Structures are given as C-alpha cells and as structure tokens.
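Novice: Starting from the structure of chain A, add chain B where the hints point.
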Amino acid sequence: MKRFYYVLIQIILILSIVILLLPVLWVVLISFYSKDVMRTIFSDILQGKLHFANLTLSNYLYILTDPNFLRWVLNSTIVAVSVAFVSTFIGFMAGYGISRYQFPGRRPFLISLLVTQLFPIAMMIVPFLVIMSILGLIGTLQGLSLAYLATTLPFSIWILKGFFDTVPHDIEEAAEVDGATLLQSIGYVLIPISRPALATSFIFSFVTCWNEYAISFVFLSDVSLYTLPPGIKSMLDNNDLAGFAAAVVLVSIPVVLLFMSIRKELVESVTLGSVKE
Amino acid sequence: MNFFVKKYSFSNSQRLFWGAFLALFLIFFALFIHVWLFTNSVESFKTEMKITSLINTSKLIYDKYSNELPASLEETGKSKGKSWLSAYEEEGQSSGFDLFGEKKAQPGKEVKKTESTKFRDFSFVLGYIITNYGLPMDETELLNKDLWSVEVIKGDKLIASSDLGSLDSGKISIKNLFRIKKDSTENNFTVEERDRGFFIGHDKVKKCYTFKDEDLTVGVGYIERPFVFPYTSLIIYFILSLILAFAFIPIKFLPEKLRLYVGLVLIVIVGFVIYSAYSSYMDYTIYSKTEEVKPFINDLFKSMYDKGLVESKAEFSEYLSKDVGDIKSVSFNSSDGTFEINLNSLNYYKNLFFTSFIILYLSVFLLSIWIFYYTLKGGFESWLNALYNYSVVYTFIILALLLVFILIGVPFIFTIIMSFTSLSRYLSDLNLARQFVGFYNYQDILNIHHILAMIGFEKSKEIVESSPFFVRNFGNFYQVLINTFLYTFFSVIIQITLGILFAVILNDNKVKFRGIYQVLLILPWVIPTYISALLWKEALGQYGVFKQLFDSIGLEGFNIYANGTVYFLSICFVSAWYAFPFVMIVTLSGLQGISESVKDAALIDGAGWFKTLFSIYLPLIRPTLLPSVLLSSIWTFNNFNIVYLYTGGNDAYDILITRIYDFISRPDLRVFTYGYAAAYSALVFVILLIYILSFAKVTKLTERTY
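Chains as they are written, first to last, in the numbering used here: chain A, 1 to 277; chain B, 1 to 706.
If you are wondering where the hints come from, they were derived from the structure by calculation, not from laboratory data. Treat the hints with care, as some may be off.
[As the list claims (entries may be wrong)] Which residues of chain A face chain B? A partial, calculated answer using Cβ under 10 Å:
1) Leu-22
2) Ala-150
3) Ile-157
[Said to hold, decoys possible] Just a sample of chain B residues kept apart from chain A, beta carbon distances all over 10 Å, derived:
4) Phe-29
5) Glu-68
6) Thr-232
7) Ile-236
8) Tyr-287
9) Phe-296
10) Ser-317
11) Phe-354
12) Ile-358
13) Phe-457
14) Ile-463
15) Tyr-561
16) Phe-568
Quantities reported herein were computed from a predicted structural model and do not represent experimental measurements. Note that the Cβ used here is the ideal one computed from N, Cα and C, for glycine as well.
Just chain A, same shape as in the assembly (with noise of 0.2 Å):
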C-alpha cells in the first residue's frame, strides 16, 4: 500500500511536470529541427515520423549570424551591466551606511524603498518619458538605462542592507583595532566577505535589465537599437518561429543559470527575511 502510494506520487509528479513544462520542452525540440517540420512537430513525434537524425543545428547558426540578433544581445548586455555595475556599487555604499548607522531620516528612507518595490514598472512609463525628452533621452541606451537604474536600485540597497545586518560589527572593530582606517576596512574586509551579497544584487538587476520589456518597446523605436526583449518579440511577429524558438533558447540559458544560482538568497530577500526561521 505504502509502496503503491509513492509510485503514484512519482507518476503524478512526472506527468504534472512535463504537462507544465510542454511548451518549454516544445521549443526547445523545435529550435533543433528545420523550419518546415516546425508546425506539426508534436504529432510528427507522436505518430513516429520524426527522427534524431534529422536534427539540425541551422536555426542556431542562422540566429548566431543575424546582424540585429547580435545587435540587440549586444544592447541588452551593455545596458544590463551597466546597470547592475552602477545599482550594485550605490546599493553597496547606502546598504552599509543604512545597516552601521543610526540617523534621522532612516526610516522614512527604508520604508520609502519599501514602498517603491511593490509599484509596478508600467506606471513610472509616463513620467519617464516626459522626462526623457526633455532631456533628450529618449530612444537612447542611456535614456533606457536611467530608467532600468530606479527599479533595481532600492532592491540592490535592499539586500545589501540586509545583509550588513547579519555581518556582526566585530569584524570591522577588529580592523579598526588593527589601525586600518574606513575605506581599508571596507576594501580589505568588508568587500571580500560580501560578495555571496554582491553576487546577488548583480545577478538580480541583470536579470531584471535582461527580461524588462514594456519600457523598451515604448523608449526605443530604431530596430538597431532594440534590446532583446522587444526584439525577440519582433521576431516573432514576422512569423519568424524558428529564430524565436532558437533566440528563447539562448536568451534564457544564461538567465535560468544566473537565477537558479541564487534563487534561495533571492527568495530570501524579497521576502524581507520573513522566511528566515
């Protein structure tokens, strides 16, 4: 009986998953085979027409040669780490002062960051772009990348914040013993022991960067200046299925990656430690 149980268990647990994980599976399949077997491929495997052998890896080499394709990764990668770079390094800087130091004004300024990661990115577009061309920013990189920096950065100085406050103080008093000055002590201590923290904060705006499509399709109008979401969706709109199928899957490895990496500390920090035993 109890064996019978955990047979089923293991036999729900596998259909569930691969029901909800059938259209992952199937673009995956599809960014392997030629585009003309494309639109039935699920059936052609199912009645057994389709063969291993006619794997192809044509639709990787046509999008790895695709000038735009290129172009947006490019977009997408400079915009991505700029952002995280810069959110991260001030994210550094305000977690450790917020975390070390009492002050008046703290806590409007950490429930005021609160506040900001709970309102949704689609409502800063009006603002956003008013600003912007005033300023001349608008479809730009850097224009983009203004943007981008507001929705990381409460989230970098977030987790950096929290965890300055499982560092215990003792550590920097004991560089201070040993007659290192402030920046030594963040340089040559601080630094060093924070990275995990770093890490996440970095992977998290690239990620953010990396996936962010409503204020990109709105801020950027040339094609050469895409990022990779509006333009992975372009593809799609031109009917283009095996390039998207092949781009989705490039696009996302290194996301998927970068994420499963640090899913528990980022699990951890959006719920504000509430999780923490």
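Specialist: Below, chain B alone, put in the same frame as chain A:
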C-alpha cells in the same frame, strides 16, 4: 559611540536671515517655474491661434465650395519632382511672391488643373500666408515666423495646399509618424477629434496639427519652438532673495513675541507684491501676444477677400470663432475696418494660466511660511547639526538618496502633477500651465455612467452608447478594475494550490529524485516572463503544441480563443504558472522548519493527508506563507509582461497596468493621453495602497520587519 555635537548654534539675526532667505527663495523658485512654463506656453499659444484660424478658414472654404469639387478627384501627377518654389514660378509668380497681382499664368506654361478653381485660389492664399508668416530663412526669424505648410485633404486626396507643387502632384506630406510605425496592421480606428502628429516634407521633421472632420482633413505644419530654460533669471532670483533677507535682520530688535509675526507679515507682503506684479505681467503678455496675431488675421481676410473667396467680414469672423476639436478659439470683432480680438474670449485662456499659478503659488507660499517659522524655532540648525554629526553616513548614502529622489521621487510627483493636466502624447510643448484641467481626468475615468450602465440603467446605457469612440470602448474603468481583481484572485488561488501541493509532496523524504523535481519546478519562475508569455501564446495557439496534442488524441477543434471565459482563465493560469514556484519554495522552507515530532504526533493520532495539511501544516506555516501570498498577489496584480504579451494587447482582457500601457503605446486611442494615463496611474497607485494596507491589517502583518 560618538555623541551628538551641537556645532551650529545661530544667533537671532542669523535665524531671521536664513529663515527669510529660505522662505523667499522658495517663493521665487515657484515664480521661476511658472515663468518658465508660461513664457513657453504663451509663445505656442500664439502659434496655436494662427493654426486654428487657418483650419477654420479651410472649413469655411470647404463648406462654401465643396459642391464645386469634381465628384471623383483624379490624380494629376504632372509636376512631379519639382520643388514647390519652381512650381510657383511656372504659375507666373516669378517676381518674388506677389501672388495677388493681376498676373495670370502664361498660357504656354500652364500646368494642367483638375481641381476647382476656388480651391486653387485658396491654395494661393495659403501660399501667400505661409511665405509671409512662415518658412523662416534663418534662425533669427524663428521668433516671428512659425508656420510651415497647410494641406486640406478630402478623403485621401489633396484639394488645397500652400505648396502648389505638391497640389499638382497630389502628394500628401502630413502623416502621423506614430501611426505608420506601430499600428500599420490595425489602422482601422477613426480619430474623431484633433490629432497632433508630425509633418514630413523637408530636411527637418516639423510638428503639425491635423484636424479631422467626417470627410475633411486639415493639417497645419509648424516649426517647433525650442524650449527655453531661463536659468540666468534663477541667479537673479537668488541674489534678490539674499538682499531681501538682509532686510529681515533688523526685526531682532523687536520684542521676542512680536518677531515671528512681523516676519510673517513681511513675507506675506513680499509674496503679495510678487503675485500682483506677476499677474499684471501675465495679463500684459497674453494681450500683447494676441495683438501680434492681429495683422495675420487681417492679412488672411484681405487676401481671401481680394480673391473673392469670402464676401463679408461677419461670415469670416463667425467661422474664426469656432472651436477646433478641443482647442477653444479666440473670437474676433470686426467693427471698424480691421479685426480686433474679442477680449472676453481670451478669458478662458487667462483663467487657465491664473488658476495654475494660484495653486502652485499658494501651496509653495504655505510651505515657505512653515519654513520661516521652523527656522526661527531653530530647526535649520538642527538639520545642519545632523548633517555635521552624521557626515560619514550621509556620504555613504548621498548617492542613493539623490538617485532614488531623482529617479523615483520626481517621476512620482510629476505623475501627480500631470494627472491634473491634459498633456498630450506628442509633447510638442510642455504647457502644464495652459493644459491645466483640474480634476477633469479623474472625473472622466471615474465616470459614474459606466457603473450605472453595468448595473442596468437604461439612461446611462444610452449616454455611454452615444459618447465618443474612446469613452465607449476604453473609458470603462470599473470593468477593467473588476477584471483585474478577478484575474488576480483566480491566479493567486491557482498559485497557492499548485505551490502548496508540490511543496507538501516534495517535503516527503521518501519521495525519490526530489532535487531534480524541485529544480524542474522552479524553471517557470526563472525563465524570463516575456518569454513565458510568448511561449504560452504560441503553445496554445493555432499551430501550438497543445493543439497538436489534442488533435493526436482525437479531440479535434481545440481552440483557446473560442470561449471568452476559458481564455480568461488561461490568462490566470499562465500568470499562475509563472508564480507558483515562488509559493512552493516559501512553503517548502516553512515546512522544513516543522519538527519531526509534530509530524509523528499527527501520524499517531491517525490524521489523514488532507487533515494533516489543513490542521497542522497550514496553521504552522501561516506566518511565512501570508507575506509571500501578499507579495505574489501584488506581483500578479502588476504582471504586465504576462498579460500584455500573452493576450497580444487584446483590449477585452486588459488589466489596469496593461490599460495604462495601451494609452501610451497606441497613439490612435486618444489625443490627450499623457494626462489621462497619469491620472489612471495615480488611481492604480491608490488602489494598490488600499489593498496592501487592508491586507496587512486583516492578516495582522504589521509586525513585519524592516
């Protein structure tokens, strides 16, 4: 640790000086902001008056002579490739632009005409006006010349144009760039009111107004004025408030009780002087700008009269006073020989400028009075002391503080301000002052007739049915609100069910390959959301994997779009598909915190699977689960990517966030979208705030750490 050092301690005269300086500079700053907006607004107001009079004149000509137009306008296409200047020369206007002399076109050079001569005459009038009042030859002329081109279009045929070359070739230059770019596939909307677009036709892109009637389109291209920022005047205001602040120092000789009141009275007096001076300045400027339009109107009438296009002044001024779309016209009196501006009709614009100024000024004024009071009581010193004592911390957080203020605070405040204006999408000018509309946007969004019509009031239904296109199809805020809540509710239910079920199953030590399953089940959460949405859209679509799956097991005719409810639930499901791993991870970590003895006790008592779940697990993990449910419901509420990309922006399945996005990204929907969308955003903000606060209150989440 260190203790608070009182480095700064002000004497009475210092306090008076700083208080007065801060208060006065704030007042001057408000003045500066309004002067900045006003001077720019009033310039484009002038241009707008010219544009509306040209549009109204075109309407007059069309109403009078449209019967003279041939039934079908044939394309002539004779003088392609010629510049419009050379086209004029061919018409016999070689010596300058003396279009109204008696010269007739030379017979041999005559270009084939198919249009009615009245409209051709009108084209000459337009060409004359444009050469006199538009088309600047260099940068210095920009201030006086602002028009670029006029085109009158019936259906899709050009019937009159200030550019004879394009009239003969039939080439229409006024187009709406936005529409061409993003809505080429669904260009089947009719814009009922005025539309602002761009004008293509020269080396630089100019702005234009297009007015559309049922069958008449008038486009006026104009040259956009550079937005001037008078930063030098800010320095003057700074010095002025410094000087004035010195005058406050003698107050210290007064008895202590009187000081505050005398200072306040002085500030009020200064404020009032500034107010009255600026009011009369505004009055004068508006008047003088309209005076500058007068010769234009007179010239327009004279040339029309000379050509015999219009018989009387009364007829002309009647048409001039008509409103163009939502622009109120300024009417003209034609009493003694020339046209004079009717000062009463200017009042509408004056009121707009004055109301916006009074609101801005009053609020800043109250703030500055508070600052004066606060500084006298020693508040300014305490700020300086805090800055001095915590200088290390503030250097750490100053960058973050500034960036958060600039990138989040300013846009937020700006949204609130914009929601009280009718700011248009094309941002040809940032006339927040002139476009001030009070609570009109909110009134429009919260239109009570929509809710009454939904309940079933016949009268409200009629009102909604007879309202303009936009209100009829996109104005129902309540419907979207209900949709959003239904969508959030169902999606969260699915998330919680899936998440808890998988968590409980995976929490069982005896289930094999738990690690693999867990990684696979987290995948939906880590795949980029825009990709998930597009993926599900394709997978459930016509050629998608689910269609193939159902076909192969014999269930032909699977169509997710066939039934509205099913499609709606599929949106909820896709959104839940993305979010359930988060609930699962949180529940799992909560379940792992439950000690083995509790589980054993439940087993010994003979509790079944469901009983254990509902009576033991769920109550125990409640403190960790509830905040996550709150978070994930907010994310679901805000999940733009999934809903927008999965539905492809389908208006019937909009949630609040995607509706806002529609207003911004679809230029065909409405003219004054930015103000409207800002008001929508502000309402969504309020709704979210109410939701978060009430959720926190109901579930007693208030002890959350921060």
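Novice: Each hint: holds or not?
Specialist: Hint check results:
1. Leu-22: This hint holds: Leu-22 of chain A lies near chain B, its Cβ roughly 6 Å from the closest one there, short of 10 Å.
2. Ala-150: holds (4 Å)
3. Ile-157: With a closest approach of 6 Å, the Ile-157 of chain A hint holds.
4. Phe-29: holds (18 Å)
5. Glu-68: Check passes; 42 Å lies beyond 10 Å.
6. Thr-232: For Thr-232 of chain B, whose nearest Cβ neighbour in chain A is about 19 Å away, the distance exceeds 10 Å, so it holds.
7. Ile-236: holds (23 Å)
8. Tyr-287: holds (29 Å)
9. Phe-296: Holds: least Cβ distance 30 Å, greater than 10 Å.
10. Ser-317: The assertion about Ser-317 of chain B holds, with a minimum of 37 Å to chain A.
11. Phe-354: holds (24 Å)
12. Ile-358: holds (24 Å)
13. Phe-457: Check passes; 32 Å lies beyond 10 Å.
14. Ile-463: For Ile-463 of chain B, whose nearest Cβ neighbour in chain A is about 28 Å away, the distance exceeds 10 Å, so it holds.
15. Tyr-561: Non-interface label on Tyr-561 of chain B holds, nearest chain A Cβ at 17 Å vs cutoff 10 Å.
16. Phe-568: Label holds. Min Cβ-Cβ 19 Å, cutoff 10 Å.
In this structure, none of the earlier numbered hints is contradicted; all agree with it.
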